[in-house]
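Enquirer: At position 83 of the sequence shown the residue is numbered 71 (my numbering), and the sequence of numbers has no breaks.
Hints listed in this document are in silico derivations from the structure and should not be mistaken for laboratory results.
Quick reminder that beta carbons are idealized off the backbone N, C-alpha and C, glycines included.
Wrong hints could be hidden among the right ones.
[Stated by the list, open to error] Mimicking PhoX-like on lysine-lysine, the simulated pairs with C-alpha atoms at most 20 Å apart in a straight line are:
no., residue 1, residue 2
1, Lys282, Lys173
2, Lys89, Lys101
3, Lys67, Lys89
4, Lys35, Lys101
[To be verified] Listed next, with one range per pair, are the computed distances between beta-carbon atoms:
no., residue 1, residue 2, range
5, His171, Gln68, 22 to 32 Å
6, Glu202, Gly134, 50 to 60 Å
7, Asn176, Leu279, 17 to 27 Å
8, Ile66, Ser249, 17 to 27 Å
9, Asp38, Glu88, 18 to 28 Å
10, Asn176, Val230, 45 to 55 Å
11, Arg231, Asp180, 26 to 36 Å
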Amino acid sequence: MDDKAHSKDVTIRHMTRDLLETGDTLELSVYLIVMAGPGLGQMLPLKERDVVIGRGDDCDLQIMDGGVSRQHARVRWIKQARAYVVEDMGSSNGTRVNGEKIEGARPLERGDKLQLSPDSVVRVSFGDEPETHYASRMSRVALRDGLTGVFNRRYFDDRLAAEVAFARRHRCPLALLFIDIDHFKRINDSHDHLCGDAVLRQFAQLIAGIIRAEDVIARYGGEEFAVICRETSEANAMVVAVRIMEAVRGRRFTHDDIGLSLTASIGVAAMDGPGIQDGGQLVAAADRAMLAAKQGGRDRIVRASRV
């Protein structure tokens, strides 16, 4: 830690004490939240490691604002102090914390606002704060599928690019599940679209209740859903897929007096799989695996590495 960070040890200790008094843990409760500008409502949990903020595809928190540099600022985890500091990465417009332009490393506290451009502001928040809930609501409006409540395709595309960059930089695994409801068209044909909509909502929420908080579920299109599993190998993603498949088999999906049993076909792919170098190839691999599951009789899971 440099001299400036050392000079503010009292501030760092204050943040750490604040965490302990609230009973929160850094790993689970501290977030960077986009409060203004492109990507309004984005929430990135801080997990005791460096996080890069900027416009580039290789950033952990990507903000598509022309006034934000490709690599604008870095939030660093200071293990000895058990706290975070922020530093500018030589950006064009500089980084301001609570209106003050920073030089070197600046300790972060609850409520600090990082201004990256005239339009883009990121806040340091805890999970129990009103600002966090506000950001969550903004995220729902801009980034959620209106029918099912899970993330939409736009968010999925942006998030996958960021997750792939994160996985490369930190040399950690990344997996993707493609999940398709078997014979969904029959539901709309045999009953009606209201019934089909009810099934989609229940199906999406069932999956959302199974995956981890750090994983991402999105409606990819129609009756097809995608799950991004951060720091997950293909083998561990298979475990998640099995849980989802069994939960779908055991669930009774209802609408008015109609009760339906469903199955799903699931494709699993991972960044460490053969021929997978980027997000597009990861999506293609998961999609091929899901198609193989459907062609193989449905109600099954196929690994991309086995296709």
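Enquirer: Each hint should be assessed against the structure and marked as holding or not.
Expert: Do the hints match the structure? See the list:
| no. | hint | verdict |
| --- | --- | --- |
| 1 | Lys282 to Lys173 | holds (14 Å) |
| 2 | Lys89 to Lys101 | holds (12 Å) |
| 3 | Lys67 to Lys89 | violated (25 Å) |
| 4 | Lys35 to Lys101 | holds (19 Å) |
| 5 | His171 to Gln68: 22 to 32 Å | violated (57 Å) |
| 6 | Glu202 to Gly134: 50 to 60 Å | violated (24 Å) |
| 7 | Asn176 to Leu279: 17 to 27 Å | holds (21 Å) |
| 8 | Ile66 to Ser249: 17 to 27 Å | violated (53 Å) |
| 9 | Asp38 to Glu88: 18 to 28 Å | holds (22 Å) |
| 10 | Asn176 to Val230: 45 to 55 Å | violated (28 Å) |
| 11 | Arg231 to Asp180: 26 to 36 Å | holds (31 Å) |
In this structure, the hints that do not hold are numbers 3, 5, 6, 8, 10, in rising order.
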